[in-house]
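Undergrad: Mind the numbering: the sequence shown is residues 1 to 215 in UniProt numbering, read in order.
Some hints here could point you the wrong way.
[As the list claims (entries may be wrong)] Derived DSS-like pairs (lysine-lysine); straight-line CA-CA distance at most 25 Å:
| # | residue 1 | residue 2 |
| --- | --- | --- |
| 1 | Lys60 | Lys153 |
| 2 | Lys113 | Lys98 |
| 3 | Lys48 | Lys98 |
| 4 | Lys42 | Lys113 |
Treat the hints as calculated values from the structure; they're not laboratory data. In this text, all values refer to a predicted model and were calculated from it rather than measured experimentally.
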Amino acid sequence: MTEPARLASAHLEDLAIVAITTPPDAETIALYPELGASERGKLRARLKQLLRYGLPATSKDDPGIRRGYTLRQCLVLSATLCLIDTHLPLGLVVDLVKANEREIVRCGLDAIKRGAVDKEQDDLAVIVTGELWAILDANAYSSSEPMRLRWIKRNALTDAWAEACDLEARGQRVIVDLGFAARTVWGWVAERRLLPGDQVDLLYAALSAEKEGLR
């Protein structure tokens with residue numbers, strides 16, 4: 001199997017800025033985002049910290065990661081940064097991403113393929129939090145599988161607390177638009193021509209092969 005192309009490490013800070021700061025109603029993406037040296041230093045430190053946690057991958061699993069990130073790793077990174085930006089504890093974000101990596105990548109790819117025209121069909125990630133809830137009712141918290149992301153269509157957002165969507169359990173909800181972040185990141189990558197255009201289809205094929213292998 002052909003090794004996937006990589007986004008050079010020199011571009012990772014810009015990717016992170018684009019993923020975090022592009023507003024949902026933006027008509028254009030800042031191709032060359034501006035950020036001060038101090039802010040870039042903090043962002044660089046956060047990216048290195050995530051690598052120590054094994055996100056988007058460990059050097060053992062992927063010896064080439066220090067040269068750059070594959071599209072899959074870019075999608076995992078953008079999702080991780082978006083979750084951190086919600087003020088969820090870093091440890092919880094790491095656990096959530098690692099437990100749901102395949103679905104996070106699938107959500108991102110679907111959003112990229114669908115395009116902004118049909119964004120109402122994007123999946124939104126719903127996280128049932130509840131640090132205090134876990135203390136007050138540990139059994140109920142445990143039975144809700146808090147490490148599992150739920151997914152809900154944007155046009156069904158009013159059902160976010162509905163039993164039919166498996167979201168009837170107690171606890172607060174954090175709803176994160178990971179699909180938009182993925183589409184934004186790919187739009188930026190494609191516009192800058194930082195990865196070959198076939199990487200989306202190749203990643204789709206790899207993800208499908210993984211799914212078949214798990215059956």
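Undergrad: For the pair supplied as a hint, Lys42 and Lys113, confirm whether the alpha-carbon distance does not exceed 25 Å.
TA: violated, 33 Å
Undergrad: Would the pair Lys60 and Lys153 pass a check requiring their Cα atoms to be no farther apart than 25 Å?
TA: Measuring from Cα to Cα gives roughly 36 Å; hence the hint is violated.
Undergrad: Would the hint linking Lys113 and Lys98 be met if the CA-CA limit is 25 Å?
TA: Judged against 25 Å, a Cα distance of about 24 Å means the pair holds.
Undergrad: Please work out if Lys48 and Lys98 have their alpha carbons no farther apart than 25 Å.
TA: holds, 17 Å
Hints 1 and 4 from the list above are not met by this structure, while the remaining hints are.
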